[in-house]
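J.: In case you want the letters, here they are:
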Amino acid sequence: MRLSSLGFLLHEAWLNIRRNGLMSLATLGTVTVALTVLGASLWTIFRLSEYAQFQPRRFDRIDLFLLPDVSRERAETLRDQIAHLPGVARVRLIPREQAWADLQASEPLLTEALEENPLPDKLEVEVRDIAQIQAIAHNFRDQTAYPDVERVVDAGEAVRVMLGLARVVKVVGGSASAGLFIATLFLVYNTIRLTVFARRREIRTMQLVGATPGFIRLPLLLEGLFHGVVGALLASGILLLCAREVSRFVASLRSPLIGDVPSLLSPWHVPAVLVALGALIGLVGSYLAIRRFLRPI
Amino acid sequence: MRLSSLGFLLHEAWLNIRRNGLMSLATLGTVTVALTVLGASLWTIFRLSEYAQFQPRRFDRIDLFLLPDVSRERAETLRDQIAHLPGVARVRLIPREQAWADLQASEPLLTEALEENPLPDKLEVEVRDIAQIQAIAHNFRDQTAYPDVERVVDAGEAVRVMLGLARVVKVVGGSASAGLFIATLFLVYNTIRLTVFARRREIRTMQLVGATPGFIRLPLLLEGLFHGVVGALLASGILLLCAREVSRFVASLRSPLIGDVPSLLSPWHVPAVLVALGALIGLVGSYLAIRRFLRPI
Amino acid sequence: MIQLQNVTVNYGNEWIALYQVSLCVNKGEFVFIVGPTGAGKSTLLKLLYREETATQGTVRVAGHDLNHMPSREVPLFRRRLGIVFQDFGLLPNKTVYENVAFALRVTGESSRTIRRKVPHVLEMVGLAHRPDAFPHQLSGGEQQRVAIARALVNDPPLLLADEPTGNLDPDTSLGIVQLLHHINVRGTTVIVATHDHTIVDRMQRRVVALERGRLVRDDQQGAYRPLLMLSEPMRS
Amino acid sequence: MIQLQNVTVNYGNEWIALYQVSLCVNKGEFVFIVGPTGAGKSTLLKLLYREETATQGTVRVAGHDLNHMPSREVPLFRRRLGIVFQDFGLLPNKTVYENVAFALRVTGESSRTIRRKVPHVLEMVGLAHRPDAFPHQLSGGEQQRVAIARALVNDPPLLLADEPTGNLDPDTSLGIVQLLHHINVRGTTVIVATHDHTIVDRMQRRVVALERGRLVRDDQQGAYRPLLMLSEPMRS
Ligand SMILES: Nc1ncnc2c1ncn2[C@@H]1O[C@H](COP(=O)(O)OP(=O)(O)OP(=O)(O)O)[C@@H](O)[C@H]1O
Ligand SMILES: Nc1ncnc2c1ncn2[C@@H]1O[C@H](COP(=O)(O)OP(=O)(O)OP(=O)(O)O)[C@@H](O)[C@H]1O
Ligand SMILES: [Mg+2]
Ligand SMILES: [Mg+2]
Chain G
21 MRLSSLGFLL
31 HEAWLNIRRN
41 GLMSLATLGT
51 VTVALTVLGA
61 SLWTIFRLSE
71 YAQFQPRRFD
81 RIDLFLLPDV
91 SRERAETLRD
101 QIAHLPGVAR
111 VRLIPREQAW
121 ADLQASEPLL
131 TEALEENPLP
141 DKLEVEVRDI
151 AQIQAIAHNF
161 RDQTAYPDVE
171 RVVDAGEAVR
181 VMLGLARVVK
191 VVGGSASAGL
201 FIATLFLVYN
211 TIRLTVFARR
221 REIRTMQLVG
231 ATPGFIRLPL
241 LLEGLFHGVV
251 GALLASGILL
261 LCAREVSRFV
271 ASLRSPLIGD
281 VPSLLSPWHV
291 PAVLVALGAL
301 IGLVGSYLAI
311 RRFLRPI
Chain C
21 MRLSSLGFLL
31 HEAWLNIRRN
41 GLMSLATLGT
51 VTVALTVLGA
61 SLWTIFRLSE
71 YAQFQPRRFD
81 RIDLFLLPDV
91 SRERAETLRD
101 QIAHLPGVAR
111 VRLIPREQAW
121 ADLQASEPLL
131 TEALEENPLP
141 DKLEVEVRDI
151 AQIQAIAHNF
161 RDQTAYPDVE
171 RVVDAGEAVR
181 VMLGLARVVK
191 VVGGSASAGL
201 FIATLFLVYN
211 TIRLTVFARR
221 REIRTMQLVG
231 ATPGFIRLPL
241 LLEGLFHGVV
251 GALLASGILL
261 LCAREVSRFV
271 ASLRSPLIGD
281 VPSLLSPWHV
291 PAVLVALGAL
301 IGLVGSYLAI
311 RRFLRPI
Chain F
40 MIQLQNVTVN
50 YGNEWIALYQ
60 VSLCVNKGEF
70 VFIVGPTGAG
80 KSTLLKLLYR
90 EETATQGTVR
100 VAGHDLNHMP
110 SREVPLFRRR
120 LGIVFQDFGL
130 LPNKTVYENV
140 AFALRVTGES
150 SRTIRRKVPH
160 VLEMVGLAHR
170 PDAFPHQLSG
180 GEQQRVAIAR
190 ALVNDPPLLL
200 ADEPTGNLDP
210 DTSLGIVQLL
220 HHINVRGTTV
230 IVATHDHTIV
240 DRMQRRVVAL
250 ERGRLVRDDQ
260 QGAYRPLLML
270 SEPMRS
Chain Z
40 MIQLQNVTVN
50 YGNEWIALYQ
60 VSLCVNKGEF
70 VFIVGPTGAG
80 KSTLLKLLYR
90 EETATQGTVR
100 VAGHDLNHMP
110 SREVPLFRRR
120 LGIVFQDFGL
130 LPNKTVYENV
140 AFALRVTGES
150 SRTIRRKVPH
160 VLEMVGLAHR
170 PDAFPHQLSG
180 GEQQRVAIAR
190 ALVNDPPLLL
200 ADEPTGNLDP
210 DTSLGIVQLL
220 HHINVRGTTV
230 IVATHDHTIV
240 DRMQRRVVAL
250 ERGRLVRDDQ
260 QGAYRPLLML
270 SEPMRS
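Chains as they are written, first to last, in my numbering: chain G, 21 to 317; chain C, 21 to 317; chain F, 40 to 275; chain Z, 40 to 275.
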């Protein structure tokens, strides 16, 4: 293909976009709306799975409260002994003085009323695999094996809930993402197909005048690409605005846990991912749509 | 309008659907896909908010463990006294014998090892408003007001998390539902607009031959209604199939909590709601789309 | 039936398609509108069925002032016209039969009347054998005849035909024009924009000639070329 | 240049548009194809640019066997033709200038050539003053001339024109046919399907007549009607 032809085809694509006002707007509208929904869903699913994966980590700890009469040395021996158990990642000994100090800092009224430190020494056991936490906690409840341990506190049911949730989010969210991507592609393809359909007589005329399929296709592909990218930018704008509102709202709740989960996604990933998706969807959508009307005659 | 005309217009709508194969398929496809996404999202949001509202209720109870030396009569007095507090819905006294019996039933090995009942009497306090639970629990911790209470256990942070979650789901999910509805309407409208656009010369010819706007509009509205309803039925089918898979998967996790939240929605509400939405969207979409091309000439 | 007074039509801001045209056609007349391509013939007809409106001047058709007709009344007005469009204006998704029937449907005719009238008018234009063909399955001349049949089917008091024989061979053209003549004799006012000099010359009816948007001739019993020019050789 | 041997074209299963037509046209000839409406003239032309293919028989154009031409080669083949379609086939979203230029664009002509050729050919058909109009802003005859200009612009060795004067007045028609004649003299083979008996009679070139899909006449220097019938009165 000659350079002058390429220039012409680019110009051609641009003229089509301008002169087919309604069809361009329709395609752009569909791409924007569909990508906004897709983007919002993917983002939500991604965040949900980040939350879901983060939540159980809050509960990956078993607290062992020791009997009051256990000496510090025995506590330390116990700590080292537990640290070598399979499945245990780390053990920290929280001496009763430190616990008391912490409590004094966080609840001064309460500690003043109590006057004397009622807290026992505590071992904080972190497990390697959150799924094993109950089995491990159960072992510590064995009084003969651990006579020094008075009370075993694990997150129990909460962990199982969170773990289940995380898997649900991962599997269902993953399938939903794939489904949404296909749905978006289909919606855009469908719209482009209608715009190509509206121009089928033109395409036919071009063929009769001697235009090669490539010559007809390229401007249409460029149009698809343009609409995909511009639609993606618009969708990003909408999404970032909405996201700002949502995070303001969530922050206004001042709820712990929510909002303090770090994210791998920075806001500037959104336009990047969406533009990539938009370009892909615009190109694939128009390629599929054109194919149908470029049968040789 | 005469009856024969009405018959004709119905026939006309049906012919249009059959003869504009591609345009019918495109509209139907868009309606189906958009309604599937809308339906899935609404359903998910609805279920999430049911979960979110249900979860805190698991934690709407404060357990008051009484001191071992508190007599049964004092416990009962305390119970009645607390029952009259504002914000308290109900109080149950769990005598230590009953708690022991429950424990023996659920953990026979443990109770056998213990030999003797170490459990104290317990008051289970249900609060009216879950949001107040922490304030109420805090009151019980006042040793001078409640000298008989040894330990107060409430769900603490978990409740605050759950409450925050419930509000997030409600507000964000609500806005998302509204946004999705508008997005779906727009996508369908956009598609119908393109199909009407492809027929704009026909519409013009009809006008020039003396057809009234109503005469031109009615078959197109009927087409929109048809596509809306049929698309909704297809979407319902897809959704119910997906829902079955999802609930199978969730059940396979055997996670407690998940799945045992009762729902106001039975599966047969899905087609009903979707068909209503589809009919609405189809009619409104084609009405808006037609208006643009029925300018008097 | 028709009164145009000093009618000017502009397209866009400067393009003048008709300039200061005044014309009066009585009920029952048969008028040819002739003129070179781009003279404004189609524009004149479009004025009469209100696809275009006059930029200046007044247009009265069948007692209606088309400049001030509320758009609500336009469909009813048009139903009393029969129009043959230069580009045929057939509905592509309807068969020949349905295209013709459509002109009756819009007026709310009963199906019985439609079943009686449509085959009859298809017979008249020589297409009785192809009622179920779609427009794209027809030759140019066949499409043109469908357009003519649709214009005739509801016995309009006023028939406007724009180049109705452009795609027809001489014999078929003559047949169509005789059909129009026949209808005219039964009382319909007929206005035909045409280039077909053979037919205009042969019919010897009123001829209105346009040139660059101006009315330059109006002969009661005219020919395609003005009488003065008859001896002039064709340009070659 | 063109050889048809026993060509039959069916539409659908039974509709026969051409039946056992054999025809040979040499390079540099000028041929009129005449016949009543629906006779198969357009179908014959469509065969030549391969919009339709023969159900039976062979079609050879410029050395290519069109029945067995790979679809990849079709665009290149068509670029060496100039085609005037009966329905004009203009691109509605392109201006007059762009429509004509498009025929050069597809062949990869440089912009400089295009800027030189297009105004020239628009001049030839008398539309030099409206290069920026869109087709819907033109009268029927103007659209037809754009179609003709597009067919002429790349100096095709073979020109196929389907009813190129259907929407033109006699003077303009004559001008166009003289243009075709001129091109023919410069070496282009020209095939014109037409109803315009004045022009056919005047040009005295080869006339091929079709009737109901059959080739019924092939006169080297013919008239629109067979010589035998010249004395016969027109049907009336
Ligand atoms: N929508 C439009 N915008 C601009 N100019 C127009 C428009 N429609 C028509 N014209 C111009 O107005 C003039 C008259 O057009 P009109 O269609 O009335 O001609 P006509 O006499 O019917 O010609 P023909 O015999 O070729 O059909 C032409 O020069 C045409 O280009
Ligand atoms: N796609 C089609 N399907 C069925 N029949 C067709 C199709 N195209 C053309 N025909 C029929 O084939 C016959 C020949 O058509 P063609 O267009 O070749 O006629 P023509 O000689 O060009 O007529 P005209 O002078 O009216 O343009 C006509 O009777 C027409 O109805
Ligand atoms: Mg005209
Ligand atoms: Mg033809």
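Any given hint could turn out to be false.
Said to hold, decoys possible - Pairs of lysine-lysine residues, derived as BS3-like cross-links and limited to a Cα-Cα distance of at most 30 Å, are as follows:
| # | chain 1 | residue 1 | chain 2 | residue 2 |
| --- | --- | --- | --- | --- |
| 1 | Z | K133 | Z | K156 |
| 2 | F | K133 | F | K66 |
| 3 | C | K142 | G | K190 |
| 4 | Z | K156 | Z | K66 |
| 5 | Z | K133 | F | K133 |
| 6 | C | K190 | G | K142 |
| 7 | F | K133 | F | K156 |
Worth flagging that the hints you see were computed from the coordinates, not collected in a lab.
J.: With reference to the structure, classify each hint as holding or not holding.
T.: Cross-check of the supplied hints:
A distance of roughly 17 Å separates the Cα atoms of K133 of chain Z and K156 of chain Z; the hinted pair therefore holds under the 30 Å criterion. Using a Cα cut-off of 30 Å, the hinted pair K133 of chain F and K66 of chain F is violated, with the two alpha carbons roughly 33 Å apart. Taking the CA atoms of K142 of chain C and K190 of chain G, the gap is near 40 Å; set against the 30 Å cutoff, the hint is violated. For the hint linking K156 of chain Z to K66 of chain Z, the alpha-carbon distance of about 24 Å falls within 30 Å, and the restraint holds.
Taking the CA atoms of K133 of chain Z and K133 of chain F, the gap is about 28 Å. The hint holds against a cut of 30 Å. The hinted pair formed by K190 of chain C and K142 of chain G fails the criterion: a straight-line CA distance of about 40 Å is larger than 30 Å. Proposed proximity of K133 of chain F and K156 of chain F is supported: the alpha carbons are some 17 Å apart, at most 30 Å.
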